[in-house]
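Engineer: If you read the protein sequences in the order shown, they are chains H and Y. Here the UniProt record's numbering is used: the first residue of the first sequence is 1, the next is one more, and so on. Here the UniProt record's numbering is used: the first residue of the second sequence is 1, the next is one more, and so on.
Source of the hints: derived by calculation from the structure; they are not laboratory data. In this text, a Cβ means the ideal position worked out from N, Cα and C, and glycines have one as well. Check each hint, because a few of them may be wrong.
Unchecked claim - Partial chain Y-side listing against chain H, Cβ under 8 Å, derived:
#1 L31
#2 G35
#3 E48
#4 I57
#5 S59
#6 N62
#7 A69
#8 K71
#9 G86
#10 F90
#11 L98
#12 Y156
Unchecked claim - Rough simulated footprint, nothing fancy, chain Y against chain H, three-plus residues with beta-carbon under 8 Å:
#13 21-29
#14 48-61
To be verified - Once the Cα atoms are required to be at most 16 Å apart in a straight line, the calculated EDC-like pairs of lysine to aspartate or glutamate come out as:
#15 H:K27 x Y:E63
#16 Y:K106 x Y:E93
#17 H:K27 x Y:D68
#18 Y:K127 x Y:E140
#19 H:K53 x H:E73
#20 Y:K71 x H:E24
#21 Y:K71 x H:E23
#22 H:K82 x Y:E48
#23 H:K21 x Y:E60
#24 Y:K26 x H:D49
#25 H:K27 x Y:E60
#26 H:K27 x Y:E76
#27 H:K21 x Y:E48
#28 Y:K70 x H:E24
#29 Y:K99 x Y:E76
#30 H:K9 x Y:E93
#31 Y:K83 x H:D76
#32 H:K82 x Y:D68
#33 H:K21 x Y:E52
Now for the letters of each chain:
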Amino acid sequence: MKNKNKQTKFPVARIKRIMQKDEEVGKVAQATPVVISKALELFLAMIVDEASKVTIERGSKRVEAYHLKHAVETVDMLDFLKEIVEAVPDPSAGGTIDLEQEQADKEKKKRGKGKKAEGGEASTAPRKRRKKADKAKDEEDVEPEEEESVEAYSRRLHEEDDDYER
Amino acid sequence: MSDNEGHSAAPPSEEDLSLPKATVAKMIAELLPNGVTCAKDTRDLIIECCVEYIHLISSEANEICEQDAKKTIAPEHIISALKRLGFETFTAEVEDVLKDHKQQQKVSLLVKHMTCGLRLLQEREKKVSKLELSGLSEEELLRQQQELFAQSLAKYQSTQQ
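Full structure from sequences and hints, please.
Structural biologist: This is the structure in structure tokens:
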């Protein structure tokens, strides 16, 4: 089971400053940003949950921007975010997926089994060393993960190890 | 108020006002199921969504506050805003947090008054021992101490009404 020891909280003073960026907002009681912090926590949990559902549905292991976009478009509660996600490109936009190109891409990805060995990927800019504050080690794919065909998906299931990174 | 910002020290300028990336990244990682990670640009997008959420709730709460003929946005206004905007499912936990916070405030206030009472007693003892070489009897000191505590408690209780 996932580690549910959630100690991390949103900074309350920062929340207050964000609130007061709106000129309409005047004085704010001391307890108010504390309460918003909790609501925000619940909101974050919801949005991450919805987005990751899309991720898993599509057979991916990484939550991409267009997974989030799809969640926003599907869930009523997230309606207010439609403008924010508008700019996110939808991979299946434009109609047909080039199956041959997709398979060629999958071949390239499979060659570099270890996550660090991305020699197959062309024009990958050297990654900057992250500050120790930013512990999330991300992989910067040059191509966004595309929707897989059923065969590509089942091929991947049989051949891919659990080479996810944390 | 203390800021749990971890490594970041300087507050951002007005325009860059956002939530700390490292904090949010950690929270996202804690929420995701095993085996799933979050792309960097998705995380940034999520942060934007969170900031937008704060604005959404605050704006609604501000209106409610005005309708309430108040000048300060109270937690109760936030709770009403959540209900109005379709986030009723959040209100139970949010109300719990509010209760805890109020309780903490009471305790802090009580401690403040008790400390105040003790300090007054210490000062009084100093003055008394300067004036009366023999000093007060134990009974008298005890009586004064009890009186001070009673005063503090009465003051505290009056703020609770």
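Engineer: Taken at face value, is the distance from the CA of Y:E140 to the CA of Y:K127 at most 16 Å?
Structural biologist: Since the Cα atoms of Y:K127 and Y:E140 sit roughly 14 Å apart, the hinted pair holds (cutoff 16 Å).
Engineer: Please check whether Y:G35 passes as an interface residue: C-beta within 8 Å of a C-beta belonging to chain H.
Structural biologist: Holds: closest Cβ of chain H sits about 5 Å from Y:G35, inside 8 Å.
Engineer: Y:K26 and H:D49 were given as a pair; does the straight-line alpha-carbon distance stay at or below 16 Å?
Structural biologist: holds, 15 Å
Engineer: Count residues of the segment 21-29 of chain H with a Cβ under 8 Å from any Cβ of chain Y, then say if the count reaches three.
Structural biologist: Since three or more residues must qualify, the claim that chain Y covers the segment 21-29 of chain H holds, with 8 doing so at under 8 Å.
Engineer: Check the hint pairing H:K82 with Y:E48 against an upper bound of 16 Å on the C-alpha distance.
Structural biologist: Holds, because 12 Å separates the two Cα atoms, which is no more than 16 Å.
Engineer: Was the hint right that Y:I57 lines chain H, CB cutoff 8 Å?
Structural biologist: holds, 6 Å
Engineer: Taking the least C-beta to C-beta distance, is Y:G86 closer than 8 Å to chain H?
Structural biologist: With a closest approach of 6 Å, the Y:G86 hint holds.
Engineer: Given the hinted pair H:K53 and H:E73, is their alpha-carbon gap at most 16 Å?
Structural biologist: holds, 14 Å
Engineer: Y:K83 and H:D76 were given as a pair; does the straight-line alpha-carbon distance stay at or below 16 Å?
Structural biologist: Cα-Cα ~14 Å, so holds.
Engineer: Report holds or violated for the interface hint on Y:L98, using the least CB-CB distance to chain H and a cut-off of 8 Å.
Structural biologist: Interface hint status for Y:L98: holds (5 Å vs cutoff 8 Å).
Engineer: If you draw a straight line from the CA of Y:K106 to the CA of Y:E93, is it 16 Å or shorter?
Structural biologist: violated, 20 Å
Engineer: Do the alpha carbons of Y:K71 and H:E23 lie within 16 Å of each other, as the hint requires?
Structural biologist: This hinted pair holds, its Cα atoms lying about 14 Å apart.
Of the hints listed earlier, those the structure fails to meet are numbers 7, 12, 16 and 32, in rising order.
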